[in-house]
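Participant: The lines below spell out each chain.
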Amino acid sequence: MDQREKWKLFQKIRIVVFFVCLFGGMLLGAIYVLRPNFSKVENRKLEEFPSFQIAKLWSGEYFDKLTTWYADTYPFREKLLTLNDTLEEGYGLQEEQITGDAILADEIPTVDGEWIDNVEVEEKEESVGEDPVEKEEESVGESPVEKEEDLIEEESIEKEDGTGEGDATEKVEDPTISKKDITAGETFGSVYVTKERAFSLYYFSLKSANNYAKAINSVAKQLDGVATVYDLLAPTSVGIYLDEEKSKLVGTSNQKDAFSYIYSKLSKKVVPVDVYDAIKEHADEYIYFRTDHHWTALGAYYAYEKFCEDKGIQPNTLDQFEKHKYKNFLGSYYAASNQSKILKKKKDTIETYVPMGTNTMKFIDRNGEEHTWPIVNDVSKYANNAKYSTFAAGDNPYATITNSKSKTKDSCIVIKESYGNAMIPFLVDHYRKIYIIDYRYYEGNIISLVKKKKIKDVIFINNAEAINNQVVDRIKKISKK
Amino acid sequence: MVFSSLIFMFLFLPLSLIAYYFSRNKNWVLLISSLIFYSFGGLKLIYVLIGMTVISYIGGLLIDASHRRPIRRMWLWGTVTLLLMILVFFKYTNFFIDLLRNLTKGDFQRIDLVLPIGISFYTFQLLSYVVDVYREDCEVQESFPKLLLYASLFHQCIAGPIVRYQEIARQIDNRMVTTEMVNQGITRFSVGLAKKAVFANHLAALADTLLPDKLENLSTSSVTGLWFGVLFYMLQIYMDFSAYSDMAIGLGKMVGFTYRENFRYPYMAKSISEFWRRWHISLGSFFRDYVYIPLGGNRLGLGRTILNLIIVWALTGFWHGAAVNYILWGLYFCVFIIVEKIFFSKRVSKRGKGISHIYTLVVVYFGWLLFRYTDLNLMLQIGKSMFGAGNLVGIDLRTMLLLKNNCFFIIAAIVGSTGLIRFINEWLIEWGIRHRWVMNLVMIANVAVIPILLLLSVMSLVGNSYNPFIYYQF
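Residue numbers (our numbering), protein chains in the order written: chain A, 431 to 911; chain B, 679 to 1152.
No false leads were slipped in.
Result set (DSSO-like, lysine-lysine): computed pairs, CA atoms no more than 30 Å apart in a straight line:
#1 B:LYS722 with A:LYS486
#2 A:LYS438 with B:LYS704
#3 B:LYS704 with A:LYS442
#4 A:LYS475 with A:LYS775
#5 A:LYS775 with B:LYS1082
Covered, in the sense of this in silico footprint (three residues per stretch, anywhere, with C-beta under 8 Å from a C-beta of chain B), are these stretches of chain A:
#6 439-449
#7 452-460
#8 477-489
#9 501-513
#10 521-530
#11 675-686
Simulated from the structure, these hints should not be mistaken for laboratory data.
Virtual Cβ for every residue (Gly too), placed ideally from N, Cα, C.
Bound-form chain B, shown alone (with noise of 0.2 Å):
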């Protein structure tokens, strides 16, 4: 199931919040609804959700149980290699096969596997737990049904954000729900289903007429078209990924979990490791804790830093799919962080913004081509053509009607990828502190805005065929 669907909306979501509220067993109730949720997607993959759990649940207890280091840290390399070849297993199988067939020409078959779903997720929270008891960040969970509350939880259990189980670990057993929190968990909620509904689809549609999906047909596009292709698949995956985030942390919010923002405006970056602090977040996180340092960091040289960093990067970027296009779209990310780390470490000035926030974008924008598209050929003919190599007209007129028929749509979502609307309604309410008719207004336009966006949302859901969120196949 995903969040954006009329099924979750209007009968998942209602039920499971009213059995919630008027449970007392209010951890069952979660649990039992994220395996409904997690059910959804068949019930034949549950059981790799459950067995890598339960994996973690004897790993961390018997790390905990010992108390020589020699043995806490066999037994976590025992689960962490378990976890790890699992994820390998159903991710990356085949992909190891086609580069086996690519290299000896042997008669190597790809084998029939169904990625479960979320397993990227899960796993990767997972093995923060058992990190974690190893290194004594946080106490072992001694019941499992915990630890699996904490695994399958339908908030971010199948796209994230990758919440560390030492964030929540006393959200178990003890939160509060307030008045502020399910408001602020409705407005993500709310925020966040617009942002995907009525954004990222209709980008994603906007991008896919625009952009080529074979060789063939590259010749139909225009110079135009393709420059505007990328951009719009630029604003759809963040539409798309940080509006999933924001509805999981709504809709933690709601019953009293509070996760940690998994984006930040990441647009507004003025260089590429500040975008990589506002993207996906969590994940650039577990990368730094759980491999960077760990590996040595900056700590040991500058050589073995470089390693460290085109390690991390390469397995950033191959933990977003299966294939070679994001591995290089991680290395990619790399160059630009080492050069930044060599070259531009002291503060850049004022005129120096606007400059690097330019130069950030750019660079973002052409990771982006990268990243969709696993045909590397078809990606170099693509960018060859973007600047002028492959002969195509400059605009035809199904890229000009597109733009003048969604013009005012792009402002808005470029504008919508800034922080500005949260901005202004802060800056409002800070106005509406001194002037009651201002903070009458605001407060009337922040109430209405939640049926508004849910309408909206439920509009554009109820005949797009276009749904699922790009980050579900991870």
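Isolated chain A (complex conformation) (with noise of 0.2 Å):
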């Protein structure tokens, strides 16, 4: 063969395999039952196909879609994106890792001493969510939850009734695990992955800090001489674990400072839980997760003693309680880093407490359904990245517990986002009835629950990160008299 004619022969085998790709392509489009409708790498609902609109397609709508829905549901989606994030991973030395926009953190004021007590007065300036003429819940009693379209995600929830524990195999069916759970009050801006574990940026935000105070001290106003109102601030995994160095860097505040801060706000009628210090003092312990924004149980523990200290009450100690291990947790902080491989090599272990009294509990889930549940679920067979709901059944609106070998006959209620789910453990032999609520999904009223079940504590746990204007609307909107 001479030059020419390989030369031409090179031309058309080039051709026919652009040819090839082209309509290997096409065809592998083509085989609908391929495509797939969830994407679990992303934790989503994939686009769906349009339905067909003389006017969509007039304004160019239809098309938009059906291109999206041509990409987003292309066969093999899931391998293709994680070739890329492997093709990616050669883009440069990636040890460390930022994902998420930069926000610049207020300058946290110095602590002076004074009490500001006038909050209260200025109330007004601060606007209840968006609906100011809210219908006043009175019915607080058995049906608590109202259905809030917003937050009960079609694809979240199965129905399920309360037995599930042995038969929790598939975790999509498990009322306790909801997809939303990360963008439900707990959105993270930035999430700094090193070598060791991940973060989660913390910035201190001056106006959510001040209306967080304003808010608690409602509550204690409300119910000065009814009950103990209790606020726990908990320190998230970078406040603990960044260096100052390294802090100033990436532009995170200080914890320890920003909570004394809203510490100095509280009023005298709080009882403020300062745990800053027990937690840090434990550091070099396993308190925080690698790959996940939660504490441990071990860390909810120090963080449950110095409660205990406060109330002036003796702690159990973790000896005594029942230990269970389930290994191979991958969390919020892996979804959201894009899979980092540097944490998938750093899987998370959960070991949990049982408590003594009882482990069951009740809870009516955001669909309004009521659940019997363990308070400390067997979890080995869940989702990786689902496995934090083995405490008191993961987020829900409203649950009890009681604990009729209590040597009390007192009753708390915790108000909480999910860090309080791995305390409230340990504090189910201190107490005859425990009342959980999360504020994120919760419709009722907590003053007139308090004082309908003649509750004689109030325990607000809250990590760093939801110190957040959502956060305060939403205690102001179940507190309000």
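Build the complex from these two chains, which are given one at a time in their own frames, with help from the hints.
Facilitator: This is the structure we're talking about:
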């Protein structure tokens, strides 16, 4: 074969290869059954095939949707995504990474010990939510749950009766697992992945801090003489582990200072449970997950110890509890960092401590269904990313625990986001009855609930990042006069 | 629809190519494909495209039918004015409303206008047709579908290059597809696709991370971050825009059209005038042939030449968008071009070449800062902060990690925007003529590169939400 012929042949081969790729891609795309409709990696429902409407065709929306659908549900999309992640890891020397946008934190004012008691006076400037004409929720008793459309995501919860303890093999049907966990009140701006662990960067907001203190003060004022209000601010891992120099470099705020500031803004009617130092003291223990934004049960235990100290009761020691371990937990940071390879090697283990008095609770899920559930659940068969829901049945609007073996007849109410879940098992043995409210989903009124049920202790548990305006609005909403 | 989408690659393109290769009415296949392609942006604005083609079609016929010069001129001006009015209406109405409001403090409300996709490109194509008919540089097109094909051809209708009618008039009726051409076409298309999907999109993400979009966010930036941010934007905009032209040229070649090059490694230029002979060539030459030279070019004395240059560059800038910064961007280049014209007309020495290359890159670099921000105050603050005025940190961890995590990618992007890879490939082929084994390797590599580029592009596109072409908006 002479050179010229060979060159011609070469060109033809190239052209054939190109067209094989093109038509191969087209045929693959035409195999409808191969198209996925849910992305496990991104934890979201993929685009649906658009319904045809002349108006949408006219405006271009129909073809827009069609284009998105075609790419979004293309066969083997997940594989291609993973492959692309692998490719992008080769873009540089990737030992650490930051995802998400930078936010400028406010300066934390130095605490000068001056009490702000005039907080209620300026209350009106802060609007409660979007809708100030809210109807009063009177019937708190049996069905405190109202449906709230935007929280009940179509795919998130399937109904199941409460006996699912043993047969929780398939994760999706479990009412304690919500797919929207991260987006509801615990969104993170930036995730910083280091060789050791990931952090969600915390940015102090002066306005939110002030509003938060006001909201708690308002609850304490309304319950003056009825119950004791405790406020426990939980540091997140970034506040414990990231040294000052690095913190400055990434622009994350000092949580100790932030908490001190907030505590200084609380009225004297609130008991501050300052757990920061107690937790920091144990920094070399396994108190925070590496791949998830929560603390471990151990971390929560040290907070509980501090709470007991402040309340003046004797905490139980860890060796009194029955202990379980669940391996291979890959938490929210893993997802938020686009499945960082670094974190994948740093899988967490969940350790749980089973309460002694009882391990049974009742809760009402976000669909208003009632369930009976273990307080510390066996999550060995749960999906890698869902294992934190072992604690207190995850995030539900309303739950109760009755411990008939309790020595006291007291009851408490825990008003929390998901950080509180890991601490609840330790509280069980100190109360006859515990009410648990996740303020993000609860639609009743905690003031009337406390009064009606004659609750003694009101315990707010909030992690540093949950001190934001959304949360404040929710707390205000459920504690309106 | 954009070229860098799976639905284009794996549905529209194969189907339209099958139809094209097996049909006898190839122009009809192209026309129908183009109209379908265009209607992906919504049917409601296709009437603008068709309407403007009708105007140009009639205008062309009227000019051609008249023999007296004043009458031909009248028809020319009538048509051109009409076309420009439509363009100005859709593209600049709100700009002028804002301007009027700011000047008079009166109550002028913006009107709700959707810019028809590609209007800046196809208007210019139609203008060139009408003027060329008037100048008798080309025959009048008597078939309306053929003129519509020219205006709407999906290869270049929505983002260029601005193909002149006279360049492809003959190809519309008579074109040959050779193996050689298809081979070149698939190369250009695959390379363009990868430039867009792999490089431009990721560069855009990097630039967006580093460059603030609002004044409030400036305080979280770092000085180093800003400098690199503009660099990434500089690379992104080249990758993005030249990728589109690559793909357009490639698609043309697959069906027998040859369009002129639109980019010739602009960042290799050694003067600003040269940069503009390498950057968006079809636009620069349009303004040269249809505005600058008719205004008298450089034949009417230095003063008039400078005035002409200012007009041309203000218009060039304004073409890119209905905002003041684009006009400033055009005038910014105008200043350097005038200075070059007056002082540096002589050839530069060899050592001077390095310096002039750096000078050109620096000027272009700051040009992109001007181009990116329609908010002039924000642009100014960023510019000041880059030189240390904003009290920003020198470098923050975010920037450090971003650079470290993307160091190889950044080098690849810089190399990719020079002609180095093409040069090496051509050099190897040259070498291979004398050494059979080299040639064999080169051929294998050149075959393998096609599926590799396509796969890489698909991988990037499948999870990428950041996709629109920058020039799509013009």
